[in-house]
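With these hints in hand, go ahead and build the complete structure from the sequences.
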Amino acid sequence: MKPYSDENHPDLATYLTGFILALLLTLLAFGLVITGGADFSLGSIGKVPGIGEMPSWFIIGGVIILAILQILVHLRYFLHLSFGSSQKWNLQAILFALFIIIIMVGGTLWIMNDLNGHMMSGSPGNNL
Amino acid sequence: MPEASTSYPGLAQPSPAESSPPAMIFGFWIYLMSDAVIFALLFATYASMSRNYAGGPTGKELFDLNNVFYETLTLLISTLTCGFAMLSLSRNKKKWVLSWLGFTFLLGLTFILMEHNEFHSLISQGAGPDRSGFLSAFFTLVGTHGLHVSIGLIWLLVMIAQIMFKGLTTPVRSRLFRFSLFWHFLDLVWVGIFSMVYLLGVL
Chain L
460 MKPYSDENHP
470 DLATYLTGFI
480 LALLLTLLAF
490 GLVITGGADF
500 SLGSIGKVPG
510 IGEMPSWFII
520 GGVIILAILQ
530 ILVHLRYFLH
540 LSFGSSQKWN
550 LQAILFALFI
560 IIIMVGGTLW
570 IMNDLNGHMM
580 SGSPGNNL
Chain P
878 MPEASTSYPG
888 LAQPSPAESS
898 PPAMIFGFWI
908 YLMSDAVIFA
918 LLFATYASMS
928 RNYAGGPTGK
938 ELFDLNNVFY
948 ETLTLLISTL
958 TCGFAMLSLS
968 RNKKKWVLSW
978 LGFTFLLGLT
988 FILMEHNEFH
998 SLISQGAGPD
1008 RSGFLSAFFT
1018 LVGTHGLHVS
1028 IGLIWLLVMI
1038 AQIMFKGLTT
1048 PVRSRLFRFS
1058 LFWHFLDLVW
1068 VGIFSMVYLL
1078 GVL
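Those protein sequences? They're chains L and P, same order as listed. Residue numbering for the first sequence follows this note's numbering, starting at 460 and increasing by one per position. Residue numbering for the second sequence follows this note's numbering, starting at 878 and increasing by one per position.
Among these hints, one or two may not hold up.
In the DSBU-like style, the derived pairs of lysine-lysine whose C-alpha atoms are separated by at most 35 Å in a straight line are [unchecked claim]:
no. : chain 1 : residue 1 : chain 2 : residue 2
1   : P       : K1043     : P       : K971
2   : P       : K970      : P       : K1043
3   : P       : K937      : L       : K547
4   : P       : K971      : L       : K547
5   : L       : K547      : P       : K970
Read the hints as simulated data drawn from the structure, not as lab findings.
Spelled out as structure tokens, the structure:
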């Protein structure tokens, strides 16, 4: 093991940056759903002007993009993953895992959606 | 095998004779990746089942975003205190390491209790895992994450005991570093859960 060097050492600033970025992305994601959710239940208040005006593809896409960004923030600032030579093997492992995940998750969603399209006679939501 | 280990916090002391911490950290990283595959498939299962309500309650009726927000905040702060513990470790401040790990434990325990309350209220409303395909997939995914956090809490208690009785020796440092990877990874999985399950579930 090499002697310890302070250059690559994650310091206080690394953790605080990661925390603040993660917090901002979390607030954005919750804010997007709460203020923009189409026909979002607000109890007796009902539909407040300006709420429920965003198209649902925008909210869904926004939440997914914010989640991916936050996962990258966690990898970079908390798990200290980087493109440096010291992280080469970790990076290869995560890329391989990502490859497996894309095949398995993508394949599952594709097949199940396809089956759903063949099996269901309308009424989505009534099947077990 | 990874050679350079300079970016791992808290592993300052060289260990000539023992098996090298970087190799063990890489091994643990492989475990985390296999765990990531498990969670990804539980996410895929949930996504396929998320509209199969079987006439039962939907996510929009069941999920309480306030509760989810506090759970998210608790876990995020616990990830920060865990990072602070690793910083104190690299400066050999044993008392600070113990204090930050203590905070991490309390926050993790709070998270588990909040999740327990949520599950309890869902089941007492008749929205248990046996109600519909949607709820089976929900309880499997969120419950697996909760189980990981619970095991992390036990691991954390063991590490606190090891620091108190063995001190900050090289094996203890190496274990602590792997614990911090595990804890940060669990927060990363939670990002997926609160986004995909709860936020998209109430739409």
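Practice task
Could you work out which earlier hints the structure fails to respect and list their numbers in ascending sequence?
Solution key: 3
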